Amino acid sequence: KAGVTQTPRYLIKTRGQQVTLSCSPISGHRSVSWYQQTPGQGLQFLFEYFSETQRNKGNFPGRFSGRQFSNSRSEMNVSTLELGDSALYLCASSLGGTVAYEQYFGPGTRLTVT
Amino acid sequence: AQRVTQPEKLLSVFKGAPVELKCNYSYSGSPELFWYVQYSRQRLQLLLRHISRESIKGFTADLNKGETSFHLKKPFAQEEDSAMYYCALSGQGGSEKLVFGKGMKLTVNP
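Residue numbers (my numbering), protein chains in the order written: chain A, 62 to 175; chain B, 413 to 522.
Just so you know, not all the hints are guaranteed correct.
Said to hold, decoys possible - Below, a list of computed lysine-lysine pairs in the DSBU-like style, where the Cα atoms sit at most 35 Å apart:
no., chain 1, residue 1, chain 2, residue 2
1, B, LYS434, B, LYS517
2, A, LYS74, B, LYS517
3, A, LYS118, B, LYS421
Said to hold, decoys possible - Covered stretches of chain B (chain A as the covering partner; in silico rule of three or more C-beta atoms under 8 Å from a C-beta of chain A):
no., region
4, 451-464
5, 509-522
What the hints assert, rightly or not - Estimated spans, in silico, between C-beta atoms of each pair:
no., chain 1, residue 1, chain 2, residue 2, range
6, B, GLN457, A, ARG70, 13 to 23 Å
7, A, ASN138, B, GLY428, 41 to 51 Å
8, A, GLN79, B, THR472, 43 to 53 Å
Read the hints as simulated data drawn from the structure, not as lab findings. Remember, it's a predicted structure, so these values are computed and weren't measured experimentally. For each residue, glycine too, the CB sits at the ideal point set by N, CA and C.
Bound-form chain A, shown alone (with noise of 0.2 Å):
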């Protein structure tokens, strides 16, 4: 079975412009979380979907924000990008549902923001 896996790997991009990261779960799977990674605030959850509806919500600000397909891809929207926007970003696929499956993860988007 395929893995998660998120393109692009990394990216490099301006202050003030926006980026659109995507993950692909694994087949079956109809949840997908965020998270972000940077070394001061280690990993901490943006938002999760789940069969194309955002279920939960981390403290980040509006400018980040998602979408679910309904083939379960999703893709993360950061808008207007300042420089703490730098970090990893992973995505998991879990299958979801009214228990806390195992997440799967995948390898990350390294952003950066010059």
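Fit chain B to the known structure of chain A by using the hints.
This is chain B only, laid out in the frame that chain A set:
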């Protein structure tokens, strides 16, 4: 508020020594606790979860609700255990939101 604390950032031991990676949590309910591990140049992956109560790669973790702890233990560390370890918490009711601790780097020396 949900919070996970891993008080130590680094732990270095010799092969064969016991290891204990500490994790304390704050949650007003019955959380689900996990340990995730990231080996060098690999993805973050689940090591174990308290619900399954199983031993993975010789590691065990016991949920102590009185002390709000979920420490990870292994009686005899191996070199291949060297990795970053993250304790994580999920709320009850099917929430997929994981709250992670800052992580701890374990180095097992030969």
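Open item on the list: Check the structure against each numbered hint from earlier and tell me which ones fail, lowest number first.
Closed with: Of the numbered hints given earlier, the structure breaks none, since each of them holds.
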